[in-house]
Amino acid sequence: MEVTLRIKRYNPDSDVKPHFEEYAVNVEPTDRVLDALNEIKWHHDGTLTYRRSCAHGVCGSDAMRINGRNRLACKILMRELGKKITLEPLIGFKVIKDLVVDMDQFFASYKSVKPYLIAEDAPSAGERLQSPEDRERYDDTTKCILCAACTTACPITWTSEEFVGPAAIVNAHRFIFDSRDQGTADRLRILNTRSGVWRCRTIFNCTDACPRGIEVTRAIEQVKRALLYEQI
Amino acid sequence: MAYHRFDAVIVGAGGAGLMAAIQLAGKANIAVVSKLYPPRSHTGAAQGGISAALGNTEEDHWQWHMFDTVKGGDYLVDQDAAAVLSREAIDAVLELEHMGLPFNRTPEGRIDQRRFGGHTRNYGEGPVRRACFAADRTGHMIIQTLYQQGIKHNVNFFDEHHMLDILFTEDGQCCGVVTLEIKTGEIHTIHAKAVLIASGGFGRVFKITSNAMAGTGDGVALPYRRGVPLMDMEFYQFHPTGIYKLGILLSEAARGEGGILRNGNGEAFAERYAPTLKDLAPRDMVSRFIYQEVKEGRGVEGKDYVHLDLTHLSPEVIDAKLPDITDFARTYLGVEPKTELVPIQPTAHYAMGGLPTDVEGRVIRDPQSTVIPGFYSAGEAACVSVHGANRLGTNSLVDLVVFGRRAGRHMLQFISEATLPPLPRDPEFTARGELANLLERTNGENVADIRREMQAVMMDKVSVVRESQGLREARESISQLRQAYRHVAIDDHGTQFNTDLLEAHELGCMLDCAEAIVEGALAREESRGAHYRDDFQKRDDANWLAHTLIYKSSGGLRMEKKPVTITEFEPKERKY
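For the record, the sequence lines run as chains A and G. Residue 232 is where the first sequence ends in my numbering, and the numbering goes up by one at each step. Residue 576 is where the second sequence ends in my numbering, and the numbering goes up by one at each step.
FYI, nobody ran anything at the bench for these hints, they're computed from the structure. Hints may be right or wrong, so weigh each one.
Result set (DSSO-like, lysine-lysine): computed pairs, CA atoms no more than 30 Å apart in a straight line [what the hints assert, rightly or not]:
(1) G/K538 <-> A/K114
(2) A/K114 <-> A/K8
(3) G/K183 <-> A/K94
(4) G/K561 <-> G/K538
(5) A/K111 <-> G/K152
(6) G/K295 <-> A/K17
(7) G/K575 <-> A/K83
(8) A/K83 <-> G/K572
(9) G/K183 <-> G/K245
(10) G/K152 <-> A/K224
(11) G/K295 <-> G/K575
(12) A/K114 <-> G/K183
(13) G/K207 <-> G/K152
(14) G/K152 <-> A/K94
(15) A/K8 <-> G/K183
(16) G/K572 <-> G/K562
(17) A/K114 <-> G/K575
Using the sequences and the hints, build the whole thing.
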């Protein structure tokens, strides 16, 4: 089927501001948006620029705005989108070129919540024990692929540079609710600020955007409750 | 130009590179270069598990794991390396748990384990639960956990730097790499006492592959151009269960949990070929079973695919243990695996071959195992060889952590004793020339056309079943495509984030890998593991119980044989 892709383009070498360009391409209904982008890049316009790698929704490279919603280009099929499709870079971060945004701020926020296990020395023999029930408590937030779809779907992020953002909170949650971790007080202190969880207005855009199906808003609420009621 | 000096530089930030980096962090001044962001590395796509004879759910021993690895590799495995792999797997998996990896747990709270293809109890008696796992995203958990540790240890990451060249002194010592900073287009020279290549595989040389688009073999091809041999390149694994047409992997864990392959008649055909292990026979064999079924007209609707049947598994098992791969089937095929059959076909998955190394991760240059000073490799880019002619499922992740760790530790010792070797004169000369060539030409051959042609040829003539005529044709085609590549022209002539340029550079690397694969496949006139020759259907230990080393030089390609190390297990016929 023939579709038109309307793509927001920006070339830092020559453009003052971004503009839209349209491409008519032939695709299969079962093609991914990424396949359509590749078709344009490989056979129409090699200057079109986007990130991609795994092409099946696990590496997190190709998050972008697809018809106004944050999605992975490799996880949305053409049949879900209609004949005219608008592709834009994620909102909230500086655009480097076309659909590529600067991820520095995103990874800086991620690193700020100490996203690694903080624990006493491991046992000299064998693994640390953890019951399946305790393992289940943080299962959902281990799925995060750091694609930034949630953080850049959040209207708070669009207006406030200091907000740590949903993805960083998800990754803090992953350790706060891990029975092996001892860094909870530290992480909660980091998040118990105006740039932390209290900036969240429970808008649910993050949950809608997550390509891994993580209940992001719920995770944020669990961290808020942990702060309010010391429920961990 | 930018110049940096480090004790060591690691190229590739997947499992092997990060595991090495963590050994060095805080003790040496190191840089980790990735053409992606580290958590985007393809280790993250690994699904089913990482084997270690923990014996948490039933009796197991590392010697059994070692035997399975050797037999699974059709006796081409170097057995000293397989012993290291199997023995150190136990400690390495525990170390991952200590770093925080969220493994699934048994009711007692220990790491849970499940069955996987080719892994057996008591030297082949029946399947054993050896694969430690985190749902069906074990690789994702490994890459996340190791990246987290990298952050904790303040590792110096060079994110989105594309390697353009590897540097050697005149007397053959490795002394650094040249990279392109993708965002700015600036060329960097990273000068170091030691270099580790952990850049992964090159599945993108084939049309149907489970590999990421980044899997283009850059780290393998660039040293090859500088005279370093590649080992056992003819052994390329096709995983039996890729999503039809797309090649996206559906983990062997699906069969480990009880999934069954069915042909077009609905028959569970694997038991006809492998009565003991059935659907859990090693991957090379199951891929050939599928090929045979299709060839004899028993594909689904007469086409080139069969079905993976999970409908008899309980929905709870599917949700708890196979959530991601069932999601893939829903997303890309519109199929509900709880109630419907999933169309699958073999997909290019894993390179057993690569840069030859010893068990410390040191790259060697000849059949006598002469070490190249300062040059290390680990993971899929390397060939130790623990996988021999066919890798067992889960052993790639074991390889990453065990040999990534060993390489890192050996590098630490090496750089404490070594002095910084001098750089060659004008170290960026080759890289700069190559880029200028690509950037300046405005008219010529199209990168995507050459790549598509290469992928088609490799899939048709150099995949699950090979024979002399087809391989000769493939050699001729690759040679012509290499000629065409010399005249390739790109659209994007800019400096910043020029992915058009990068794709052209990667194509050159893939053509080098393809050339070496075909050369090895033509030379090896026998069938062993993943290398199956229709014109030489038997394994030939008298002539071919040997590794191949392929060298590239101005005079063309040259091959040498390297003996296989056999310590415990004499080669036997491989039956399951």
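For each hint, the structure was consulted:
no. : hint              : in the structure
1   : G/K538 <-> A/K114 : violated (56 Å)
2   : A/K114 <-> A/K8   : violated (35 Å)
3   : G/K183 <-> A/K94  : holds (12 Å)
4   : G/K561 <-> G/K538 : holds (19 Å)
5   : A/K111 <-> G/K152 : holds (9 Å)
6   : G/K295 <-> A/K17  : violated (57 Å)
7   : G/K575 <-> A/K83  : violated (54 Å)
8   : A/K83 <-> G/K572  : violated (59 Å)
9   : G/K183 <-> G/K245 : violated (33 Å)
10  : G/K152 <-> A/K224 : holds (25 Å)
11  : G/K295 <-> G/K575 : holds (22 Å)
12  : A/K114 <-> G/K183 : holds (27 Å)
13  : G/K207 <-> G/K152 : violated (39 Å)
14  : G/K152 <-> A/K94  : holds (27 Å)
15  : A/K8 <-> G/K183   : holds (19 Å)
16  : G/K572 <-> G/K562 : holds (20 Å)
17  : A/K114 <-> G/K575 : violated (50 Å)
Hints 1, 2, 6, 7, 8, 9, 13 and 17 from the list above are not met by this structure, while the remaining hints are.
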